[in-house]
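Undergrad: Here is how the chains run, residue by residue.
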Amino acid sequence: MRRLRAWLVRFGGLFGNARRERELAEELESNLQFHIEDNLRTGMTRVEARRRALIRLGGLEQTKEIYRDRRGLPGVETLLQDLRYGVRTLRKSPGFTTVAVITLALGIGANSAIFSTISGILLRKPTVANPDQVVMLLSVSRSRGLEDSPERPASAPDFLAWREQARALSGMAALDAWHDYTFTGQGPPEHVMGMRVSANFFQLLGVAAAQGRTFLPGEDQPGREHEVILSHGLWQRKSSADPAILGKTVDIDGQACTVIGVMPASFNLWIFGAQAWTPLVFTSNELSPEGRKSRSFFVVGRLAQGITVRQAQAEMSAVAQRLEKAYSEADKGWETKLLSLQEFEVRDAEVRPALLLLMAAVGFVLLVACANIAGLLIARGSGRQQEIVIRAALGARRLRLVRQLLAENLLICVLGTGLGLLLAYAGIRVLRAAFSFNEVVAGIRFGLDTDVLMFTIALAILSLLVFGVMPALQLTKSSAQPALRESSRTGSAGKSRMRTRQVLVVGEIAVSLVLLTGAGLMIRLFQQKIRGDHGFNPRQVLTAEVALSSREYSDAVRQRAFFQQLIERVRGLAGVQAAAAASSLPTGLGTEALPFVIAGRPPLPESDRPRATYYIVTPEYFSTMQIPLLQGRTFANSDNANAPPVVLVNRELARQFFSAGSPVGQHISLGSDSPGHSVWREIVGVVGDVDESVAQAAGHPQIYASYLQFPAPRMSVAARSTTTAPALAPALRQAVWDIDKNQPVSNLMTMEQVMYSQGGGAGSLIIGELLGIFAGLALVLATVGIYGVISYLVLQRTHEIGIRVALGADRHDILRMVLGEGARLAVLGLLFGILGAAAVPRMLASAFQGFSLSPWLVLVAALALIAFVALSACYIPARRASRVDPIIALRYE
Amino acid sequence: MGDKSDVWQGTLALMVLKTLETMGSLHGYGIARRIEQTSGHLLALNYGTLYPALLKLEQEGYVSSVWGVSENNRKAKYYKLTRAGQKQLEKEAREWEQATAIVARFLKETVPST
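Line by line, the protein sequences give chains B and C. Residue 527 in this note's numbering sits at position 527 of the first sequence; the count goes up by one each step and never skips. Position in the second sequence counted from 1, then plus 1000, gives you this note's numbering.
Simulated from the structure, these hints should not be mistaken for laboratory data.
Straight-line alpha carbon distances no greater than 27 angstroms define the calculated BS3-like cross-link-like pairs of lysine-lysine that follow:
{"#": "1", "chain 1": "B", "residue 1": "Lys64", "chain 2": "C", "residue 2": "Lys1018"}
{"#": "2", "chain 1": "B", "residue 1": "Lys325", "chain 2": "B", "residue 2": "Lys337"}
{"#": "3", "chain 1": "C", "residue 1": "Lys1056", "chain 2": "B", "residue 2": "Lys64"}
Cβ-to-Cβ under 10 angstroms is the rule here; a few derived chain B residues that face chain C:
{"#": "4", "residue": "Arg2"}
{"#": "5", "residue": "Arg5"}
{"#": "6", "residue": "Leu24"}
{"#": "7", "residue": "Asp38"}
{"#": "8", "residue": "Arg56"}
{"#": "9", "residue": "Gln62"}
{"#": "10", "residue": "Thr63"}
{"#": "11", "residue": "Ile66"}
{"#": "12", "residue": "Arg70"}
Cβ coordinates follow ideal geometry from the N, Cα and C atoms, glycine included.
Okay, chain B solo, but in the shape it has when bound:
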């Protein structure tokens, strides 16, 4: 207790130093005086009295020291002292301080931002109760006919069978995802992404509604399903967060539905991107034996207590086998696969390779940053050698010296970390904006991950301390003498330190080259993707999606009439060169692959039939999109409902299936035709291949049907502008509303934007940009590193340079000498870098399909850039060296 009191008083003793010093001095003085008086009384002389008194008092300074130590908390005081000294020293070398702080900040900030993004997107647990227990069940085809994606959702009868037979899962629900609703009733009509779900869907996931309720069992039966649940975002946006939304009626796809609930903002299965949920009622068609073949319902399930995924998988495989035997026509060759919801969410997103690549880039930059800091600290350490050695000789203990260096480094850490935090927050915002190129991805919320931040900070501090303290430990180990004698002339210890720095710089240059090459390749990839040839001309084309509601436009006649009118109107608009409509755009979403049969060839079972992507287009489509006609003719207005059905095929289909002769005149029937009623369509022409995604490597067979013969309710309109595409936007929208004012127009964007957002081009652009930033960072850091090393080198050799100049070397000789040193380092670094950069294309190819760029151009460009930058960095110190006054140099130690 007493000791605590003492400690507290001592803590208070940290302050008010001056006063206490004075008091002590006064006390000691008075003690002295008393003693002198006593001595005088005993008869000594004044001088003798004073002398004796002083002796008995003991060492004044020592007493004061001990007193001071006891008065305050010596540890804390020395720390404060060290910090103050550290601040002074750092301010004296602002260059070093700035560079060290910025380097640290960049490392921490960039690293934390990227890793937070990655963990936010890739490692995020789905927002359901006990997410590890929730699984998705998929149907997997064993046959090779479906190379596109062997994994598909389930059919309605299969789902019911699974649900009934599975014991390992405590519950299952089906979902019809990515359902496009026409949402009317709260503001202008709009297309909203939604899901139809089984009644137990929400209960299975363990999420409750934020307002109102979720579905009750039995509400997914016909007659009771006119209900809708809104997402938080939809409620806010469309209904302006109307608190009395429950019970109101909205129009979903023409059906009046009551709003029974609003989901909380936190509920977001982003892979589905649903904003509204309605009950899923299976139609009799879907439940029929034919319907067993149509696999479009995703199934989600929850594992029963204590059951693992593997056990559930085993049971479901057995169930699938039973179904195969029972329903051999529909289910032959189909297995069941289970994966956790989290895996499912991440698997389909194209962001995974992008993020992993970024992680690698960040790792590199971190390396470079660490190397830089290490180099800086090493240089600094050797510069202060003399100071440290002298202090040691004057009596400073090793611990004290090390502690003082630690304090300095701590200051740098604190500054760098603070700046790094700011950078991290800013970086996360930038990344969030960058990653909203995709509606799917934009729905994910991620923030700065505190774990990552802590880890990075710890790492940075650790490396800083290690590299900062090592010199101190080293220096204080050796005895003072040789160190004091040591000057830059000899300096054997200095040489090994120099070597380390040189190695570091070579490494930095190599890493910069690798990063730059990677960035350059990604950017070129993007350019190639977007601006490359995809089989059509995307420039100056405006597109929009118009999906007619099935209630208003229930039959083909009305659908056809609408679009015919629309295309007429759009073509007549000012500034429109050509206009057309298609069921889906090139590189856009919404394509269907249908199996087809060529007349006169041996029949194949449906699962083995070849597939082609099926487009329904208006006659002017090919001229609007500037897709070349290679054989035969395109559609004409005469190919209407009364004429025999015709199709166009693309070059790839002709190549694969009609290698013997021209396909024109042959007949094809498509899987979408009603069974038993194969409609033989005549091939009237061959058109050029069109890419279905920006990253597409090889051609796909494609079949076009004429809209006049096979109308569809949902088409994308494309209009080629004589000027710029966005100029047509208001007129295009108005043209639609002139025909039907309640018809929503969605996804109004230029063709290039479609390629960017739907065609998969965005990923590589963003990666390219981010990689470019990192490469730039690495380059800047490497430049600073080279500059530092060369300056240091020049400093070390100032004496030698002085001699050379005195002996007759002129400025250019010195310049050449220093530049030569720098060039040597740069060349070495570049050589190593080339080795590393050679691996980059292979890495990128494995991550991104369709990557087939030759790296040489980019590599050479990167080489040139780095070489230029490196030599520039050497130039300044070289110039300084050449201007050195020999007299000063000769005296320099």
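Dock chain C against chain B, hints included.
TA: Below, chain C alone, put in the same frame as chain B:
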């Protein structure tokens, strides 16, 4: 060095407390002089070492100090025993006597009578 100086400081503190108990309020020099006298001039301490010890006692609350004026009109800091200090003195004195009694017994015993 650690152990010995702690013991020494403890002993010094004890002596200071006892002196203050006997003499009442006293300044630093007076305490030092008195300790010298009481020890029969066998103890010759550096007066300087007294001040850190006094500071420690003050921090622990066993003594209190106040600036005052001596007989010859000289300014000096006077120290006084507090109640806590009194108790501590009694406690430490007891412990010291116990310790010496035990050691004395040992010393008596180890000499076998021949």
